[in-house]
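Participant: Can you make the complete structure from the sequences, with help from the hints?
Protein chains in written order, with the numbering used here: chain A, 1 to 212; chain B, 1001 to 1212.
If you are wondering where the hints come from, they were derived from the structure by calculation, not from laboratory data. Take the hints with a grain of salt, since some may be wrong.
[To be verified] Now the in silico label distances, taken between C-beta atoms and shown as ranges:
| # | chain 1 | residue 1 | chain 2 | residue 2 | range |
| --- | --- | --- | --- | --- | --- |
| 1 | A | E59 | B | T1085 | 27 to 37 angstroms |
| 2 | B | M1035 | A | A86 | 50 to 60 angstroms |
| 3 | B | T1180 | A | Y140 | 40 to 50 angstroms |
| 4 | B | S1196 | A | K199 | 29 to 39 angstroms |
| 5 | A | I68 | B | P1064 | 45 to 55 angstroms |
| 6 | A | R74 | B | P1108 | 40 to 50 angstroms |
Here a beta-carbon is modelled for each residue, glycine too, at the ideal position from N, C-alpha and C.
Number of protein chains: 2
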Amino acid sequence: MKRESDTKQKILDAAQYLFAREGFKGTSLREITGMAGVNIAAINYHFGSKEALLKAVLERKLIPLNEIRMERLRRVADAARKRGTAPMVKDLLLAFIEPTFQLKDKSPDASDFIVLVGRAFYDSDNTVRRAFIELVWPLYELIVRVFREALPQIPKQVLIWRLHFLFGSLSHVMLLCGSTFYAEIREFPLATDTKSVMKILIPFMTAGIESK
Amino acid sequence: MKRESDTKQKILDAAQYLFAREGFKGTSLREITGMAGVNIAAINYHFGSKEALLKAVLERKLIPLNEIRMERLRRVADAARKRGTAPMVKDLLLAFIEPTFQLKDKSPDASDFIVLVGRAFYDSDNTVRRAFIELVWPLYELIVRVFREALPQIPKQVLIWRLHFLFGSLSHVMLLCGSTFYAEIREFPLATDTKSVMKILIPFMTAGIESK
DNA sequence: GTCTATACAGAGATAGAC
DNA sequence: GTCTATCTCTGTATAGAC
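Facilitator: Listed below in structure tokens is the structure:
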């Protein structure tokens, strides 16, 4: 007899793998169940719909990741408040960005998840975009708040634009670091380990966000 | 009797409109031909396949746009060479970025095209990504070359990473400026006219790319 | 409760008659 | 250049076995 969570887990793993490679629309339920070695009806039984399955895949890793990111951002902001100073932009950036890439050191399927999330905001499917935005909304609000504390002299509209530039760069880097499918665009291999990327990305972003 | 180019044109217009809204995979040939008021088989007759239609849609506006961008980049680099100095980063950035947004002042369907291109690199469909990369490759190579002239002291790998950060931000901004579908993520309206966006984006990018 | 097999309606692309 | 016929594959629903 199979345990309930076994089938669910196998479906989630296969779905994450395939969604990352073929996209949401590009992956059929038959492919997923075929790969997971379960019956076609299992997805509807366990999750209710393809859309609900996508949400489950995203939530599984994104909720814990967001908790880590929010915790780290709050810690930076709190420490600054105790010192009576504004938080440093580079500390906030590292707190926000680093945890995502550190996932790769923990689990072998992290790359698929990173690609999935890196694409989510740009997906042409409303379902995917909405599910993603809903999940990251509290984090987004926290980011706006702590960066306003760090840079009170910058008009809010300008700061929000700059944060969006950051989100764009971050998504782009997530795809380049998370997947092998983008090798075609590189004329020679770029180092994509977490430490090397942070060393280039954080100073770039700090300079941009702090610019006059 | 219909003129040959009439049917083709109507298909291209409908396809661009629908691809921008529903994505490549998410748009059916029936939707396109229905909107264009032509027969379902007309796409295969005129273009050969859905994939070839996508390429035609991209090429129609992207080839002329890339010529403008490359022309402007070369002009900045040439002027600097004549002066015997390195080209200015902010001039190169404006030459590369501004023409895309200026399309909106020329044609009413430019927003759809901008969204389509803004998404292309992030599409989960290989077809879309490959078609896009092939079309922008000469521009990409020129960009690397002129930015190396502007910043010879920065190691090539670091510079290429920074250019990719730029591409990510640019794509993100193209979606936010080109579409109304992203209104959900803004807590209050951001100004998305070309001049306002350039005024915020160019200094941000200049500071990031020139950072120590 | 959990899983399987099968049915279904609709959308996919395309070949070939006209 | 147009249209229809066709055949495959999609997501979902359900009836029943264990």
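Participant: Next step is simple, just say for each hint if it's right about the structure.
Facilitator: Verification of the supplied hints:
no.	hint	result
1	A:E59 to B:T1085: 27 to 37 angstroms	violated (54 angstroms)
2	B:M1035 to A:A86: 50 to 60 angstroms	holds (53 angstroms)
3	B:T1180 to A:Y140: 40 to 50 angstroms	violated (20 angstroms)
4	B:S1196 to A:K199: 29 to 39 angstroms	holds (33 angstroms)
5	A:I68 to B:P1064: 45 to 55 angstroms	holds (46 angstroms)
6	A:R74 to B:P1108: 40 to 50 angstroms	holds (46 angstroms)
Checked against the numbered hints above, the structure violates hints 1, 3; every other hint is satisfied.
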